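There are 2 protein chains.
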Amino acid sequence: MTRTIPLFLAAAALPGLAQPLLKSPEVHSDQSVTFRFRALNAKVVLLDREGAKRAPMQQDERGVWSLTTDALEPDLYGYTFVVDGTPLIDPSNPLLKPNLLNTQSVVHVPGAGPWEAGDVPHGILHRHFYKSGVVGDQRDFYVYTPPGYNPNATPPYPVLYLLHGYSDDASGWTAVGRAHVILDNLIAQSKAKPMLIVMTLGYGAPEILSNGRRGINAPDLRQRNYDRYRDALLTEVIPQVENAYRVAKDRNSRAIAGLSMGGAESLFVGLNALDRFAWIGAFSSGGLNEDFNAAYPALDAKANSQLRLLWIACGKDDGLIGVNRKLDEWLKAKEVRHAFTETAGAHTWMVWRRNLAQFASLLFQAKPE
Amino acid sequence: MTRTIPLFLAAAALPGLAQPLLKSPEVHSDQSVTFRFRALNAKVVLLDREGAKRAPMQQDERGVWSLTTDALEPDLYGYTFVVDGTPLIDPSNPLLKPNLLNTQSVVHVPGAGPWEAGDVPHGILHRHFYKSGVVGDQRDFYVYTPPGYNPNATPPYPVLYLLHGYSDDASGWTAVGRAHVILDNLIAQSKAKPMLIVMTLGYGAPEILSNGRRGINAPDLRQRNYDRYRDALLTEVIPQVENAYRVAKDRNSRAIAGLSMGGAESLFVGLNALDRFAWIGAFSSGGLNEDFNAAYPALDAKANSQLRLLWIACGKDDGLIGVNRKLDEWLKAKEVRHAFTETAGAHTWMVWRRNLAQFASLLFQAKPE
Numbered sequence: 001m002t003r004t005i006p007l008f009l010a011a012a013a014l015p016g017l018a019q020p021l022l023k024s025p026e027v028h029s030d031q032s033v034t035f036r037f038r039a040l041n042a043k044v045v046l047l048d049r050e051g052a053k054r055a056p057m058q059q060d061e062r063g064v065w066s067l068t069t070d071a072l073e074p075d076l077y078g079y080t081f082v083v084d085g086t087p088l089i090d091p092s093n094p095l096l097k098p099n100l101l102n103t104q105s106v107v108h109v110p111g112a113g114p115w116e117a118g119d120v121p122h123g124i125l126h127r128h129f130y131k132s133g134v135v136g137d138q139r140d141f142y143v144y145t146p147p148g149y150n151p152n153a154t155p156p157y158p159v160l161y162l163l164h165g166y167s168d169d170a171s172g173w174t175a176v177g178r179a180h181v182i183l184d185n186l187i188a189q190s191k192a193k194p195m196l197i198v199m200t201l202g203y204g205a206p207e208i209l210s211n212g213r214r215g216i217n218a219p220d221l222r223q224r225n226y227d228r229y230r231d232a233l234l235t236e237v238i239p240q241v242e243n244a245y246r247v248a249k250d251r252n253s254r255a256i257a258g259l260s261m262g263g264a265e266s267l268f269v270g271l272n273a274l275d276r277f278a279w280i281g282a283f284s285s286g287g288l289n290e291d292f293n294a295a296y297p298a299l300d301a302k303a304n305s306q307l308r309l310l311w312i313a314c315g316k317d318d319g320l321i322g323v324n325r326k327l328d329e330w331l332k333a334k335e336v337r338h339a340f341t342e343t344a345g346a347h348t349w350m351v352w353r354r355n356l357a358q359f360a361s362l363l364f365q366a367k368p369e
Numbered sequence: 001m002t003r004t005i006p007l008f009l010a011a012a013a014l015p016g017l018a019q020p021l022l023k024s025p026e027v028h029s030d031q032s033v034t035f036r037f038r039a040l041n042a043k044v045v046l047l048d049r050e051g052a053k054r055a056p057m058q059q060d061e062r063g064v065w066s067l068t069t070d071a072l073e074p075d076l077y078g079y080t081f082v083v084d085g086t087p088l089i090d091p092s093n094p095l096l097k098p099n100l101l102n103t104q105s106v107v108h109v110p111g112a113g114p115w116e117a118g119d120v121p122h123g124i125l126h127r128h129f130y131k132s133g134v135v136g137d138q139r140d141f142y143v144y145t146p147p148g149y150n151p152n153a154t155p156p157y158p159v160l161y162l163l164h165g166y167s168d169d170a171s172g173w174t175a176v177g178r179a180h181v182i183l184d185n186l187i188a189q190s191k192a193k194p195m196l197i198v199m200t201l202g203y204g205a206p207e208i209l210s211n212g213r214r215g216i217n218a219p220d221l222r223q224r225n226y227d228r229y230r231d232a233l234l235t236e237v238i239p240q241v242e243n244a245y246r247v248a249k250d251r252n253s254r255a256i257a258g259l260s261m262g263g264a265e266s267l268f269v270g271l272n273a274l275d276r277f278a279w280i281g282a283f284s285s286g287g288l289n290e291d292f293n294a295a296y297p298a299l300d301a302k303a304n305s306q307l308r309l310l311w312i313a314c315g316k317d318d319g320l321i322g323v324n325r326k327l328d329e330w331l332k333a334k335e336v337r338h339a340f341t342e343t344a345g346a347h348t349w350m351v352w353r354r355n356l357a358q359f360a361s362l363l364f365q366a367k368p369e
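Chains as they are written, first to last, in the numbering used here: chain A, 1 to 369; chain B, 1 to 369.
Chain A on its own, in the form it takes in the complex (with noise of 0.2 Å):
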């Protein structure tokens, strides 16, 4: 029989706490950061921070290995630490980007920006289980509701489906990307309109996960995903959300958008469901069928009595600009009207935090058709 000890009683008897803690991540008031990290064997550590390009790491005779960055501009960064070749969180930090193929801990240099937590009215976060027949699996998805939401308002709030990236699950757009801290922020200084933001699982066929990250680059498996994740969008979760929140139903007052994978689905969906949705956004849009006339068939010109907003934005240095900018061009061509925004930044979520600052504060804006 092993009697076990609470880790508060005895740490000392503990062989691994028994090693003096690390203060990592470090952020100083310049806003550089030290990261560190104990491993008294490995022969190469890398720091890898999102947006950045890796970095070594310096061992000193504790075998501690750390870095400090250049000042950061105040931001959430996901980073790893690569220790011969394995990609490891920071055991310093309880701070975590969680995700289903890479999970990430996360440095906050603090300062300005609608992701911080502010004095304001906050919103409140629903987390619904149900049981999907599309599917065919136990899965969840989140509400946000405005602050001071009232379920006999009227008129009824309009809705954001917002859609995560591959990879990311239920939670990314709130634990990595927080939408509801953005939108408390923007509705607090009258920069948006209070709105629910309903936050799904993006995957209509989850063994497009199973096979490492090979699955999104799959088209037929890929389509399937995109088929399924639409059909349990419109028929489980809008029924489920407009069932039980005070929503207005009608296309005026339903936005879909998303980022990466999402981004592409939220234009699979919306751009094929114009009689369900007014307001499409996608940011950095990727796993996209380029075959633009075959994924948004009957799309054309007359779309544009019918589109309040179609909002496309990518970062520069992000490896999918090039398709990105190709769907501009089509929907140029195509005579259908949209913003096409290059803003700074990579593939990263500190660009898809400000994009839906943007896109938020854009929507259900104008007035109705």
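These are calculated hints, taken from the structure and not from any lab test. Note that this is a predicted model, so its numbers are computed, not measured. Cβ atoms here follow ideal geometry from the backbone N, Cα and C, with glycine treated the same way. No false leads were mixed into what you were given.
Counterexamples of contact, computed for chain B against chain A with all Cβ distances above 10 Å:
#1 PRO110
#2 GLY111
#3 GLY113
#4 VAL135
#5 THR154
#6 PRO155
#7 PRO219
#8 ARG224
#9 ASP275
#10 ALA295
#11 PRO297
#12 ASP300
#13 GLN306
#14 LEU331
#15 HIS338
Below, in silico cross-link-like pairs of lysine to aspartate or glutamate (DMTMM-like), each with a Cα-Cα straight-line distance of 25 Å or less:
#16 A:LYS43 <-> A:ASP60
#17 A:LYS316 <-> A:ASP70
#18 A:LYS43 <-> B:ASP84
#19 A:LYS43 <-> B:GLU61
#20 A:LYS23 <-> B:ASP169
#21 B:LYS131 <-> A:GLU116
#22 A:LYS23 <-> B:ASP137
#23 B:LYS23 <-> A:ASP169
#24 A:LYS326 <-> A:ASP220
#25 B:LYS131 <-> A:ASP119
#26 B:LYS332 <-> B:GLU342
#27 B:LYS23 <-> A:ASP84
#28 A:LYS23 <-> B:ASP48
#29 A:LYS131 <-> B:GLU116
#30 B:LYS332 <-> B:GLU290
#31 B:LYS43 <-> A:ASP84
#32 A:LYS43 <-> B:ASP60
#33 B:LYS332 <-> B:ASP291
#34 A:LYS334 <-> A:ASP227
#35 B:LYS23 <-> A:ASP48
#36 B:LYS193 <-> A:ASP140
#37 A:LYS131 <-> B:ASP119
#38 A:LYS193 <-> B:ASP140
#39 B:LYS23 <-> A:ASP137
#40 A:LYS23 <-> B:ASP84
Dock chain B against chain A, hints included.
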């Protein structure tokens, strides 16, 4: 200018990902589990699994360390790989146990158990955010509403305030404890009354976490932590819950229970506020003020007319069994009616999930006084 390539488009181009993907953990049909971890240059890698002794893993010629367990009882087990003294999560496994001091991975050995998500009606988890005047920070709490929750129900619902342990956060009882799944299942089987569960952040003095694991053993800081936690619960959280949800506000409809530090807090708050709580539970209590006369100064046999249930449990293999037995003896000497249950197991979530299932099935069941 660095152009980054999204992971899913260029796995082979990234050195860390050029390594073959490892399957870990691999749960076999006989309920044994193989853990795998790549660490080319490590000297000693131990598997640290919740409720088990640390066990050495073996390295193969490719640098992969592995260990296959005996058959494990169906459950969820936290674990880390301790690599030359540094505890690390399993980078092949997205399932995590969030914790403010030591993040762990989780392996799920499927089977029967009330924590297994079933094809039953599901409740909803609501995450609230607010600024605490008592503590002076922005914080959150979670509310579970049962399946079919009706905001106009008569009678109103009873509420269990459910407290986490030292180093957990407000998500612990759902992310690790699966309290929502357990209640969904118990309610579907008519083994528990439909109730709300409120899961708070259990730190009245969050600086208790800042000095490694020593804060919980410093009596003054610990008491300040408990005092302010009580004040935040009674004056901030309970009023918000009772304002936002259809809940009964009488003591017979209010329970408080917790694990480890949360057990000590439940006893401290509950036994000193029998006018508010008729049902009290304490699982594997730790960080108790062992001067019980000082901790519960007014408690004596007169409490028996107010206490509907005082339920104290501890695992026989828990290092805290001694102090819990002392508490049992003291309550007997005081002639305070209570149940004291010594279960199998140690200071682990496997024990606490079972504790919750047993305790919840007793709550709000008997007739009011």
